[in-house]
Amino acid sequence: MHSIRPYCVAGLALAALSLLAKPLLAAPQEAAVVNPTTEDLRQGKATFEGTCSACHGLDGGGGMAPNIQEVPFTLGMEATTNAITHGMSGGMPAFGGQLTAAEIRHVVQYLLTLKRQDNFKITGDPEKGKQVYESSGCARCHMIDGQGGDSAPDLSNVGALRTAGYLNTAILYPGSDLPQQRHFLESGGKLDYLFVHLVTKDGRTFDGTRVVEDSFRIVIEDANGNFHSFDKADLREFKEEPGKSLMPSYKGKLSGAQVNDLVAYLASLKEPQ
Amino acid sequence: MRAAKVALILMALVLGTTRASVAQDVPYQRILHSDREPQNWLTYGGNYQSQRFSRLKQINTKNVARLKVAWIYQPSRAVTNVETSPIVVDGVMYVTEPPSTVTAIDARTGLRLWTWSPKMPEHLVLIGLYGNSRGVAILDKTVYVGTADAHLVALDAKTGAVKWDVHVADNRFGYSMSGPPLAIDGKVIVGTGGSEAAVRGLLDCYDAKTGKRLWRLWTVPRPGEPGADTWGLGAAQSAGGTTWNNGSYDPETNTIYWGTGNPAPDFNDDDRPGDNLYTCSLLAIDADTGKIKWYFQFSPHENHDWDSAEPPILFDAKIGGKMRRLVALANRNAFYYVLDRDTGKFITGVPFAKETWAKGLDANGRPILNPNQQPTLGQGTLVYPSITGAVDWPSPSYSPDTGLFYVNAHETGAYYIKGTGKIEPGQPKGIVGGGGVRALLGEQSYGAIRALVATTGKLKWQYKLFTTAWVGTLATAGGLVFSGTDEGNFFALDASTGKLLWQFYMGHGLRSNPVTYALDGKQYVFVTAGNAYVTFTLP
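Residue numbers (the working numbering), protein chains in the order written: chain A, 1 to 273; chain B, 1 to 539.
The set of hints was computed from the structure by calculation and includes no laboratory data.
Just so you know, nobody snuck in bad clues.
Pairs of lysine to aspartate or glutamate, DMTMM-like flavour, derived with a Cα cap of 20 Å:
no., chain 1, residue 1, chain 2, residue 2
1, B, Lys464, A, Glu241
2, B, Lys499, A, Glu237
3, B, Lys464, A, Asp234
4, B, Lys464, A, Glu237
5, A, Lys115, A, Asp59
6, B, Lys499, B, Asp401
7, B, Lys422, B, Asp271
8, A, Lys232, B, Asp486
9, B, Lys57, B, Asp35
10, B, Lys68, A, Asp231
11, B, Lys464, A, Asp231
Predicted model only: the values in this text are computed from it and were never measured.
In isolation and in its complexed conformation, chain B is listed as follows (with noise of 0.2 Å):
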């Protein structure tokens, strides 16, 4: 208690001799003009268009090999797999240490300010996910974030004090969350994991000051409700669609992007023929309503577990001499897509990565099917890509410099096994999965951060990697994309020719996405890597 008040007089100190009045109040506003503080970050993909994108440029590609560690933070118990992302207010970073604990660091010494963790149930239900959270969300003098028993609670900025705490679903089914909640006015919007249990897929929208609940959509529809006539006669127990990462926003037209899961059974289709709406798509959402403005469909009646909970990219740019409003997406199907933002409107889709499942899209971006990529009983049918996709949960990037909208893929596939696995409903029940994978890994896999041209998918170069990461990238104005390996790197590229400036050896795989901030006209790069949080600085 007593080093927990000398942080917080330390913290007082610190920030009232730099940033006094504003300190920890992050009004909407501050978030919605995000782009005039680069020095922070605000949400958990760097701002509404999740793009990942910093205007930050001391560190920049003629000095970004001098990097040096500025200060490591370590969990106070031993943790694994630490996925979190960090946000970074006036001089205080917010972090989640697993499963669902929220820490408040001192971002220019890596001291921590408080520590709050939730009480978990004996028995916690994780299907098919570590259940660790990706991150928190901030607004006005609130952190926000979701438990691996899928409860939303609210923080103080401040102090880490509990200010409200709401039950949103069940985790004894199967539901939890490890993304990070998303804020806009007023607003909290938060998703669930569990597809992997057969739990139906929802996203909750709650006051974000009082945790009173403003909507709920349902991700896949039951008998009679639109899209029901897409599951055959499985639609009574449609299942699946979870919303388990973050989603973006567009404050102009006051619409959420966020992207959905699997349909379940994974790998066994018998019962539910059709298209399987909504699961696997990018779904367009009134902010205030709760309804769907316009879905899109990736992968129609799923069979791989390729969810496309992949975080969506909203920004504009020219296509044929015309200014456009666009989402981007790399799809864990190894699709990279350019919708119309405001319509859902296919504009172009081609493979990032190998894939053996579709011969291409049609003309409204629906996959144009191979024969015999579908599990097979027995050992298996090869498909690329494997389980873990093209792309899983660690964000893309999108510089506005380049125009390049940056992914580390994966080089992989596997055989794709189906299994006999059925749903029982109103049973709460452990993974419901009709089958398996076998991975493909080893020498015939890799991973390599390609740049795509944001508005074609064009590959401009590519920096390949040894084996397949779970790493983000993040792209600044100093002409630099970070991201890191599986193997315990942390690197940057040159982000306009793909070219090695620096790397660092972490000594574990990382498994996050990097940001960057700035303190007292000082630029930093965080990133974590095992039980590490660190933070890199010029010397």
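Next comes chain A alone, as it looks inside the complex (with noise of 0.2 Å):
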């Protein structure tokens, strides 16, 4: 194995606000009855567990990637089956290639075995949390239904993809699900969303995420959108800061009650599929 590069995919990792955005596959759901054997199911979690948990986590709770539990139920099992052979914009690599028809059967099956687990319950008004989204900002980054900003992940289908709890957590400490520590990524894979600090030498300051990065420069996105590119030469300070967002946190600037709403909004964004 001298000259090629590692042939065994770990998995893709994805910054968890990147996947935020609308999957690209979206099937109508499907009668397709389902009846695994065990034995389909042990293979199923074998192969889930081998492949898929790096990034989705061993319950497919979530990790660098979202969470997964259930989600044949909410994307369709064939939409799953195309995500999984064919890949997902946003980082989910295409696994046609690595795995048969029956393994990634295996572990559409076995996905539908892990139940999601959200211990968050909601108890806001949607249509208050709607007004609440309207007047603090949120649309100056975030997209609902073609309204809205672009620098950060577009939310109309936020309910169907993030759990109750997910959204509670991601209002008030922004980023705290984004990989804290220095991960490890597949072939030639950075950190999909890494803040970025930097002043450069006649000290101008950038804050962003990193677009693209080599051994002497680096393009930022910044919260606005704009990219911005540096020699490195030209920085006095380079600072990475994984687990960091650019999104600020909502702590104290809303009220227990405004952040109840609020989540119950983004739960309820729901495109029909």
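Assembly of the complex is requested from the two constituent chains, each provided in isolation within its own frame, with the hints serving as guidance.
As structure tokens, then:
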């Protein structure tokens, strides 16, 4: 194996926020009757743990990549199968070349058994939450149904992709589910979402997320969605902060009731499949 | 054809006006004394010692920042993974194009003079490698190339016409060539890859004029042969130890130095108890007979795919006040070794990158193993370095001016997973990997140009790179070290301090060894990136 790259894909890890983006593959719910055998589920579990869990967590509850518990129920069996086989925009790799059709089927069957666990109770009012969303500046960066900014993830379908508990945490502690340490990513892969703070030698300060970097240069995107490129030799300070988000915390800025309302609103955003 | 004729006429004109008498004729004496003509680059490693050091210094620490592209050559058809390192002789550059095409380029203009491609079998077997040639050798008026289907072919240096073509080994079993041949006095030495297909390693020597085989060295023994007792019951089907890179040559003692690859199967050692000679070793070989003078095994009973095929660098230096004849090698297993090149005696060995598999080396250079660092079933075991090693095939360099050894090192680990691969003797087969890896790449891995004191391995300086790179280093008397990144940067560092002096973004990851040459009093630096073969010079 002397001249090729490691050939065993560990799975592209994704920074959590970038995954809020709406999946491209949305297939109608299919009424396929699923009757996996115990052996099917055992094989699905083994494949899942060997291939998927590095990013999605051993229980599918999410890690560097989103919670995918029960995802075949929300996306549909076929769309889930397609997503595994062909990959998804945002970083989910295609496993069609690595896993057989049977192995993928077993993984999908196994995913059906992973129950979504979320103890967070939605107590807020979605209508009021919508007003909180509009008055708190969320739309400067986020987009819902084509309205809003595009420098942060699209939230049009966030209720289907994220649990209410996750949303609550993300509002109060942004970035807390971003990788807190430098994770191992697949070939050439660097963190998709990496906060960068830098100061140029002439004293200008920039905060943003890394778009691309090489040994000598870096391009970042600031909170307004503008790109800035730099020669590293021209920087006085260059700090990469995995786990930090560009999104401000709303803890203390919104009341507990407002946060509950906002969570209820976001949790209600589920595009028809 | 017309274009080729015009090009040939042009070449004749150019050469005719500049260096008429010796053009494209490189007798052994010229290679032997390559230091007398630093304007040329006559062997894969720059000289028989594989030092990749040039006496040219027109481009130096003071002016390298002004380096500009002189020309770009691209193959006529789209290719991938160009890994070639050229030979430059009297204004002509000989490169290879994937997989086994040889092209002669006018080194001043980048114009193609001739190109030759072999006929490949319909089902080319390439296992564990791209099978893309990394370069040619030249001797007298002939250029030699090893092909992906394991032929050694001799081409006329002026026209590309085939002089002879020998079938070295059977590609159906996984034998393949990417390494450049080594041409010495009247002989051409060439090795093959194929350890991942569990072929039996060999090194061949051919008569340079006729293509007649002069000797063959099998690198792993069969029962009854020396070393067979290091394979346990596995000796009957001992496999691996392939010779897929380039070697070095010491004309004073007529000794060839050549590294060998991993034993097979990889990652599964159940059926090969023992040290598995002569895998993962450096072999010192009598060039006339093909007999092993001495061997040094870096990774006995290797189980992580850490081939020891890295080019060995020969140099002389003082150790303890005494001039010594040395051979040094930055091994894929993350240790840097210095050996006495006449006896193979271990002098020193230290890690040059993170490693977790050995506590260190004993007085004879044998690794003292750490427990729990072997491939395991299931999720595997995390071990440093990764399968790609702390360094892979790209060549290091050595500067006699600084006494430093420059290596483009990888800092990364991998989860090593054991599998169930078995060898079935006599059967053409696919990959016989007994497992695999999940590599740690991304944020936890990086590369670095490291300058080691050549006699001790002590780190003098390092220049960190964003990712691990597959690019060799070139050291020059201009006080420079050139290398590249996987991101696509070609750059120059101060050879004494590691300070960055120049970088140029080439738009695609580099995957080759840079070289330098001169024409009409002008120095050039050459490297490839993506499909582009690019030469730089001062404006």
